[in-house]
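Visitor: Just so you know, the protein sequences line up as chains C and B, in that order. Numbering of the first sequence is given in this note's numbering, commencing with residue 319 and proceeding in unit increments. Numbering of the second sequence is given in this note's numbering, commencing with residue 4 and proceeding in unit increments.
Hints may contain errors.
Straight-line alpha carbon distances no greater than 25 angstroms define the calculated DMTMM-like cross-link-like pairs of lysine to aspartate or glutamate that follow [as the list claims (entries may be wrong)]: (1) C/Lys333 x B/Asp241; (2) B/Lys28 x B/Asp181; (3) B/Lys242 x C/Asp463; (4) B/Lys240 x C/Glu338; (5) B/Lys131 x C/Glu338; (6) B/Lys187 x B/Glu198; (7) C/Lys373 x C/Glu338; (8) C/Lys330 x B/Glu245; (9) C/Lys385 x B/Glu238.
Keep in mind the hints are simulated off the structure, nothing from the lab. Predicted model only: the values in this text are computed from it and were never measured.
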Amino acid sequence: MEKRYPRILFRKRLKDLRKEVNDIGKLTLKAHKDSVNIFADYDENMVEDVLATSKKIDEMVFYLERKCISIIAAEQPVAKDLRFIEACIKVGSHLKRIGHLAANIAQASDYIKDETIPKKPQEDLKHMADFVQMMLSKGIHAFLDQNMEMARELKQDDDKVDDLFDQALEHITRSMFKDKESISYLVHLLFVARYMERVGDRAVSIADKTIFMITCEKP
Amino acid sequence: MNRIEVENLNVHFDDAQILKDVNIKIPKNTVTSLIGPSGCGKSTFIRTINRMNDLISGFKKEGHIYLDGQEIYDPSVDVVELRKKVGMVFQKPNPFPKSVFDNVAYGLKVHGITDKNIVEERVRESLKSAALWEEVKEKLEKSALGLSGGQQQRLCIARTIAIEPEVILMDEPCSALDPISTTKIEDLIHKLKKEYTIVIVTHNMQQATRVSKFTSFFLHGEIVESARTERLFLEPKDKRTEDYITGRFG
Ligand SMILES: Nc1ncnc2c1ncn2[C@@H]1O[C@H](COP(=O)(O)OP(=O)(O)OP(=O)(O)O)[C@@H](O)[C@H]1O
Ligand SMILES: [Mg+2]
Numbered sequence: 319m320e321k322r323y324p325r326i327l328f329r330k331r332l333k334d335l336r337k338e339v340n341d342i343g344k345l346t347l348k349a350h351k352d353s354v355n356i357f358a359d360y361d362e363n364m365v366e367d368v369l370a371t372s373k374k375i376d377e378m379v380f381y382l383e384r385k386c387i388s389i390i391a392a393e394q395p396v397a398k399d400l401r402f403i404e405a406c407i408k409v410g411s412h413l414k415r416i417g418h419l420a421a422n423i424a425q426a427s428d429y430i431k432d433e434t435i436p437k438k439p440q441e442d443l444k445h446m447a448d449f450v451q452m453m454l455s456k457g458i459h460a461f462l463d464q465n466m467e468m469a470r471e472l473k474q475d476d477d478k479v480d481d482l483f484d485q486a487l488e489h490i491t492r493s494m495f496k497d498k499e500s501i502s503y504l505v506h507l508l509f510v511a512r513y514m515e516r517v518g519d520r521a522v523s524i525a526d527k528t529i530f531m532i533t534c535e536k537p
Numbered sequence: 004m005n006r007i008e009v010e011n012l013n014v015h016f017d018d019a020q021i022l023k024d025v026n027i028k029i030p031k032n033t034v035t036s037l038i039g040p041s042g043c044g045k046s047t048f049i050r051t052i053n054r055m056n057d058l059i060s061g062f063k064k065e066g067h068i069y070l071d072g073q074e075i076y077d078p079s080v081d082v083v084e085l086r087k088k089v090g091m092v093f094q095k096p097n098p099f100p101k102s103v104f105d106n107v108a109y110g111l112k113v114h115g116i117t118d119k120n121i122v123e124e125r126v127r128e129s130l131k132s133a134a135l136w137e138e139v140k141e142k143l144e145k146s147a148l149g150l151s152g153g154q155q156q157r158l159c160i161a162r163t164i165a166i167e168p169e170v171i172l173m174d175e176p177c178s179a180l181d182p183i184s185t186t187k188i189e190d191l192i193h194k195l196k197k198e199y200t201i202v203i204v205t206h207n208m209q210q211a212t213r214v215s216k217f218t219s220f221f222l223h224g225e226i227v228e229s230a231r232t233e234r235l236f237l238e239p240k241d242k243r244t245e246d247y248i249t250g251r252f253g
């Protein structure tokens, strides 16, 4: 067999990239988790925290992308190395968007904090929040561990979250009909449900990118 | 349509087997890249396509090489005619120590074209096709050795296309050139592929992705994988290809 040239520096740079995505992923999970907690249990300081975390994620993603570009320029990667770097860029931008959605959720809570939310929508949103948090965690880990099974599971989760959203929508509109006065804050509840559903979509996109990275298949 | 078809080609130099069961189809008017680590047999392979190995003692070949359906090792084939159809450009530009004009005209004379007007016309057209005309039109009578490396390489390409081959074999044509000259040769390859079938050996994988439609990866005298260039570099199917192109061995 030929002499092995492990390209030590290049390998290390790829490993560093993975670590950075891991760090950004952790922050994103935290931002989302905090935002839904605020929703259940309002805390002004926490809102500021989530906004700050989202900003921090933006910045980290900016540097992640820059690093990816400089590795491409310096190393001209091909095959799975190239696919990995491309996926890091895409996953980074999904995580950034999820950070923004978490900030949106946190901010929406401000409109709801003084209201008593009807029982059914409250349960729906709690359920969605947990489910989406789980999806996000799955998406990030599927990518980091190149886990095809986990990535494929997210496809089914996507349908589930759509169902949950439809259900929330129905319950929220029903409450709106019952009490017209409540529309002004229930509408924000609707937004929150929408934001969560979008977080779920982004998690699925991360999984799709992972599937492409591993197999080159159109997911 | 395939210009060249190689079937079960085995090549030995004395007892050493250099090429093993090589099969490849090279379509007309396309660029095909050959990549692989040093010593894997790329040069031997392309030299077999225009029978340049014939004179090497101990050279033995089995299998078939067809050019437009005709077996090139058939006894009825005239080797001089074959080399007219299958031209070759080498790693190091190798102009003759003659004038720029004579370098290009030389091949024409060898092939019996002596009419002055035709020769002049062909020389001019070839230099234009090789994207060299503008740079040398004032110094056609000057020695070719006074040209830069990149110009010399384009001159060698002009010399090759002057005799209107069907196939141009290029063995690492840019490895002795600076980046600008390399770009010029690559642009030239793009232009030439409309009329010629080009096979290029390169150690520069980015070059392979830039210039060629198909790529074959050679290892230890065998073709491990042949595919559309894009596919081979994005999604190699064989682990050995993946390891080689990602720089895990070389
Ligand atoms: N004239 C010859 N006589 C004997 N062995 C030869 C001869 N020419 C080449 N070889 C052997 O054939 C093998 C393939 O050589 P070849 O020049 O085809 O490799 P290559 O892929 O072109 O390598 P490189 O990338 O370094 O140019 C080598 O092991 C070489 O030593
Ligand atoms: Mg060689």
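Visitor: All hints, please: hold or fail.
Guide: Results for each hint:
A threshold of 25 angstroms between alpha carbons decides the hint, and for lysine 333 of chain C with aspartate 241 of chain B the separation of about 24 angstroms falls inside it, so the pair holds. Note on lysine 28 of chain B and aspartate 181 of chain B: the hinted pairing is violated, with a Cα-Cα distance of about 32 angstroms set against a maximum of 25 angstroms. About 20 angstroms separates the Cα atoms of lysine 242 of chain B and aspartate 463 of chain C, which keeps this hinted pair within 25 angstroms; it holds. With a C-alpha separation of about 29 angstroms, the suggested pair lysine 240 of chain B and glutamate 338 of chain C falls outside the 25 angstroms cut-off, and the hint is violated.
For the given pair, lysine 131 of chain B sits about 52 angstroms from glutamate 338 of chain C by alpha-carbon distance, which is inconsistent with the 25 angstroms threshold. At roughly 18 angstroms between alpha-carbon atoms, lysine 187 of chain B and glutamate 198 of chain B fall within 25 angstroms of each other, so this suggested pair holds. The straight-line distance between the Cα atoms of lysine 373 of chain C and glutamate 338 of chain C is roughly 16 angstroms, inside the 25 angstroms bound, and the hint therefore holds. Between the alpha carbons of lysine 330 of chain C and glutamate 245 of chain B the distance comes to roughly 18 angstroms, so the proposed pair stays at or under 25 angstroms and holds.
Of the supplied pair hints, the one linking lysine 385 of chain C and glutamate 238 of chain B holds, its CA atoms being roughly 23 angstroms apart against a limit of 25 angstroms.
Figure legend: structure checked against the earlier numbered hints; hints not met, in rising order: 2, 4, 5.
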